[in-house]
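Protein chains in written order, with our numbering: chain A, 1 to 168; chain B, 1 to 156.
If a hint is listed, it holds; no wrong ones were tucked in.
Partial list, computed: chain B residues near chain A (C-beta under 10 Å):
no.: 1; residue: Tyr21
no.: 2; residue: Asp117
no.: 3; residue: Ile118
no.: 4; residue: Met127
no.: 5; residue: Leu143
no.: 6; residue: Ala148
Keep in mind the hints are simulated off the structure, nothing from the lab.
We put the CB at the ideal spot given by N, CA and C, even for glycine.
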Amino acid sequence: MKINEYIESGVLEAYVLGSASEAEARELLYLKAKHPQISEALRDLEIDLEHISQSMAITPPPGTWPKIEANINEIIKARESDALTIDMPYRDRSSESSKSRKSSQFVEVEAESGHMRISKIWRWIFAAVFLLGKIFLACAIYFYIENSHNEKEIEILKTELQQIKSLR
Amino acid sequence: MLKTDRQVLVESKPESIRSLYDKYAGVLLGYVQEIVKDRKLAEDCLVRIFCQLSEEFGDENSESPRNWAQLQRYAKVKLVSYTAVSGRTIANGEMFRRSDDPFLAALSAEQKRVFVDIYYYGKTPVMLATDLNKTEEFIRKTLKEAFAILRKSGEN
Chain A
1 MKINEYIESG VLEAYVLGSA SEAEARELLY LKAKHPQISE ALRDLEIDLE
51 HISQSMAITP PPGTWPKIEA NINEIIKARE SDALTIDMPY RDRSSESSKS
101 RKSSQFVEVE AESGHMRISK IWRWIFAAVF LLGKIFLACA IYFYIENSHN
151 EKEIEILKTE LQQIKSLR
Chain B
1 MLKTDRQVLV ESKPESIRSL YDKYAGVLLG YVQEIVKDRK LAEDCLVRIF
51 CQLSEEFGDE NSESPRNWAQ LQRYAKVKLV SYTAVSGRTI ANGEMFRRSD
101 DPFLAALSAE QKRVFVDIYY YGKTPVMLAT DLNKTEEFIR KTLKEAFAIL
151 RKSGEN
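Extracted from the complex, chain B is given alone in its bound form (with noise of 0.2 Å):
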């Protein structure tokens, strides 16, 4: 008998998962405990998001994530409904933004502070200009001028 689509997607899901798994499960461990500062959480985050991305992966309407960019994106989702990590998040931003990270120290405190908060902490640029009392353009700037100073510190 021949196999339905979704039959197949099923039948070859934890190879793709674990595909995906391979590639960026350190990547994510790393972001998820630079969110939660704890790392039993971080793994239990990590784990959490690769069983929700396996169910998901089953249906058809929806894309599985293929890159960093996207798994990133669908993990910030994620994230913000876990209780357990929504409240450290809060509590935790403040900290983060002022630690001495060496991956970091290449940018200025507003560059960092944008980054920081854009790429960890799901924030946009919209609420970045109202906290800081600048307009979204500059925000949107100050993030381009943070991820082109990080990628050259990156190639060097």
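Next comes chain A alone, as it looks inside the complex (with noise of 0.2 Å):
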């Protein structure tokens, strides 16, 4: 392939603008890793494009670092916290601090259709209950074993009892 034929063919500015299909910029960044010529032509246009996209930027306004700063601050904490905190949809996100505190009291308990949120003290009374319940339950086993054993000896005592008189 003739390196310089390549780089005019238009594939590197379709690779830049993103439009290139998937065969083409694997080939592309194949022969980016082979060819400096390429890897240099890429570079000036992904530079070029910079400059372009530069006179058409429009500043964004004073409120939208911090939003972005909590979400970054939130995704933080969830990962340091425990893995059942699971975050928040970003489109329920806000920069409001009033929100922030707001989500951190709950837990995302499905995905962003047909969410349900809860109160984070739930998960500890779920926890109890589902304590609870396991020794109520082998509470219940034990004392049903005990039952059935004791009326087993009851009957046996009876038994006996009957067998004393009848020999009187």
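Put the complex together from the two separate chains, hints included.
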């Protein structure tokens, strides 16, 4: 393959603008690693695109970064805290501290569609109910076995008593 | 105790995202604004893109964008998944191609259509070749020409 022809074909421009097919992108990345001319041409195009796009830039409103920062902090907190804490979806997030505080008090229990939000306190209540359920079940089984054992013993004692009475 | 690579990555994340934001937030907002033609929606998209970026940044398998071309490609993929944007993209496509944007004024009608449809609306050369009843090679050449003209007009 002639490198200059490849560079002139327009594939590089399509790749830089994100419209190259997967096969084209794969081929380009392979050739880029092999041929420094392609790597250089690609870098130049990326710089050109950056210059072209700078002229159409719009300054974001001042509150934009705090919204993103709040989100990043939530992600870091979520990763540090236990695995049960599932993060809020973006559309429900807000920069407003009140909402942020609110979100930290709830656990997301389903995906974005059809959510249900419950207070985190319910996690402990569910755990306690589950544990108590287990204890009651164990007790019920124990007393059932104990009771049937006692009943059998009473039956034996009754039979013995009857035998003694009949002997007298 | 020594920190793991992941911990270091997560802890340095706000700074990394911040530098990307400082460098490209304005460019990205301008880019999205041209697509959706709605300032409020464009701002929402900007926040969502950076939020998603910050979430994916911690993943060792994902390579975060380092320049505008990479960020633009990342944003393009994300924008397609936002339902509020995808409908508008189609609706605004024709309007934008016909607009008298001074930035694109140096391009011929054909070059403008090819550049706008590929850069802003994510069409592939194959799709455009079918739409315009031209060869794929012609579309690529036209894109290359448009790119060269824009580069020159940017230098002047």
